[in-house]
Structures are given as structure tokens and as C-alpha cells.
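Peer 1: One letter stands for each residue in the lines below.
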Amino acid sequence: MAHPTPPEIDRLLSRNREWQRSVVSRNKDFFSTSNQSQKPTYLWIGCADSRVPVNEIFGGIPPGEIFVHRNIANIVHATDLSLLSVLTYAVEHLKVPHIIVAGHYNCGGVKAGMGSSSVDMLDNWLRPVKVLQSIHARDLEGIESTEDRFRILCELNTLASANNIAYTNVVQKAWASGQNLTIRAWVYDLATGLIRDLDF
Amino acid sequence: MLENNSRWAKKMETERPGFFHELARTQHPDVLWIGCADSRVPSNSIVGLLPGEVFTHRNIANVVSHTDLSALSVLQYAVDVLKVKHIVVCGHYGCGGVLAAMTHNSYGLIDNWLRRIKDIYDHNREKIEALPEGKPREDFLIELNVAESISAIVNTTIVQKAWARGQPLDVHGWCYRLEDGRVRDLGLCISDTKEIHDIYKVFKQRDRPHDH
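For the protein sequence lines, the chains are G and E, in the order given. Numbering that gives the first Met the number 0 applies: residue 0 is where the first sequence begins, and numbers increase by one. Numbering that gives the first Met the number 0 applies: residue 0 is where the second sequence begins, and numbers increase by one.
Think of the hints as simulated: they come from the structure by calculation, not from any bench. Watch out, some of these pointers could steer you wrong.
Computed cross-link-like contacts, EDC-like style, restricted to lysine to aspartate or glutamate with a CA-CA straight-line distance of at most 20 Å [what the hints assert, rightly or not]:
| no. | chain 1 | residue 1 | chain 2 | residue 2 |
| --- | --- | --- | --- | --- |
| 1 | G | 38 | E | 179 |
| 2 | G | 110 | E | 79 |
| 3 | E | 84 | G | 79 |
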């Protein structure tokens, strides 16, 4: 299985070395001390989209602050063990105080869910988007611009996910026991780099 | 966080005018990153990538299983729609998920997620237990977990169909070291159906090997 390393991969490895050197030059003990265990302040549930790099969009938050789960279109399915495992670990073990459900405008997954063409198994994953479109059909029909309808559906999708997080027994139990835990729904605007708080 | 974001957005627009506008149109990442949710392993930062360069799926202990529609959906979107050229599965030493799987503790719902790692331990028990107890065994299981995720990825019809239509696609295995921030390339790279076990290969009817 030995292959010469492709240049795109080599580039990542050499960037890692540069990044590591730059972190150590600012704080020589960073890795040896702060990386021993994690105590993140936030759980981020966001989209896999390459244009939304979590730590960067806040001006470079250092490693250790944000526990991250990213999937297609930041959808929260009630029976998704992948998400539920991350949520359980974050809430019950790490006792993260803030959950951020983060969508973004121009989401390819939401767009695919809005359309009528089939994308194989993704159709099943994106079903909640179609359901939202159906529930809000009347309101959406009143909006002329396709672009505006798309933006609103990205917001509705994010709010639905935040709601679904709130309904999990993990979160309900945490609140019932008085645990400090908030949920926020944010949408990132790729065109400006700014985040919009949906006031969930 | 919101104030930091506002400052960052202004700074990016000043340093690279039109950056966001260009990015908003569509994404063309070359890489799909499958990593751990662990807060200490932020994918973009540790390999110095800009927005738009890496499509990312992060879960507990970077596990990829054939019944996990979350990972499979990301894989399908990355391979079939975005046509990424490389998939990097990046584990990390000191992974809490793997370490938890090595204990006899019960953690609730997450036990089911960690089961797969226990299976990996079980299948490789002799090799693992030939090593000294503690970190050597943990590190080895963390690396085996990366290898298993790679195996799961290349055994999917998604990846095999991509190769069958001539799409260039490599799958790589890395491990990140928390203690010094360095990524270690495990030297695992699969780019062809020939490199996977026969049972997982997808044949078209007419290409089936002859029955005896």
C-alpha cells in the first residue's frame, strides 16, 4: 500500500508543521499543558461545508474551546446515533455550557432538499428539509425570489435542528437537573463572513 | 464569539477584498476530512487551511461504519457531488472515545457507538496485548481505529463506483499528536479497488468471476 504522497497531501503536512511552529513560538508550553484534557465551552453542531471552518470564523479560537459535530446541512435526526453520541458526551461528560446549532446560507444540502432530483441515499438524510418546505409551503409561496426562499429555508432548517436538540432526553434531563446549558441557533453568511443570531 | 466573528469578517474583507463573495458562490474543496469531535483537533487550524479547502465530518473517535447514514451522506456528497480528490481520516492520540472503549465501564447510549472500537480490539487482541500495557496499547488501537475507518470507506459502493468511473480518489490515514500539535502520516493510503479485500468488491453482473 506504499504510494508516493500526492502534493496536495504533502502541502497539508507541511502546513501542519508551520502551524505547530507558530503556536509554539507564541506559547512554548501550549501543547504540553493545555492539551492534556479538554474543557470546551461550546458544542458546535454545524454543516460539513468547507466554507464554514469553525475555529477560523471567530478569529482563530485556539484548540480546546469548541467540541464539534459536522454533518450534511446540520440536520438533527432524532435517531442519529452519531449526533446523539456527540451530544451525550458533550452534555453529560464534558458538561459543555453552550450548544450552538449553526447553519449557513447557500447550504448545498438544503438546496438539494428543496429540489426534485434524487441524490441517492442523501434523499433520506435530507427528508427533514422537504418536510419543512411542505409545512411552510404557503408562506414560502408568498416569497417571489428563489434566493430569499432559499435563505429562509436555511434559517428554518437551523431552527428545526435547534428544536430537535432541545427535545432530546439528554438535554431535557440536563435542564431538569439544573445543569447550566443553553442552546443557540446561528446562521453564517458565506457572502459576508458574519454570523446572524436567530434568537432561538 | 459574535464580536470575534465580526472583527474577523472585517479583517478578512480588508486583507482579501471579495474573498467572501467569491466563496459564497460554490465550494470546491479537494479534501474530505473525517476526524474526531474533540475540541483539541480543529481540522482547518492544524493544517492551515482557508475556508473552502476542506469538507469536514467530525464525530466521536472518527468512526466510519456502514450503517451510519450521517457519515455515508457526507461521503456521498463529498465524492459524488463535490468530487473531492482526497479523503483524510485523522485520529488523534489520547482519543477519549478509544480510551473509553478499552475500559469495562458503561457510559450509556454512547456504549453502542463505542462498540465498534471494542470489536477492533477484539479482532486484533493478540497484536495489541503483545505490547506493554498503557500508552503503547492505546496508541496502537487509535491507529487501528483509523485503519478500520479507512477500510469502511473504501469498502463502500460510493467509493468503488467513483474508482470504476475513473475518478481520482485517495484515502489517507493520519494521527494527530496532542502533545506537540504534529500530524503523523500513518503511511496508509488506498487509491484502487485492487487494494481491498475481494468480498467487498462490487462487480457488475458481466464482470463476475466465474463460479466453479
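Peer 1: Work down the list of hints and note, for each, if the structure agrees.
Peer 2: Checked hints:
{"no.": "1", "hint": "38/G - 179/E", "result": "holds, 18 Å"}
{"no.": "2", "hint": "110/G - 79/E", "result": "holds, 16 Å"}
{"no.": "3", "hint": "84/E - 79/G", "result": "violated, 28 Å"}
In this structure, the one hint that does not hold is number 3.
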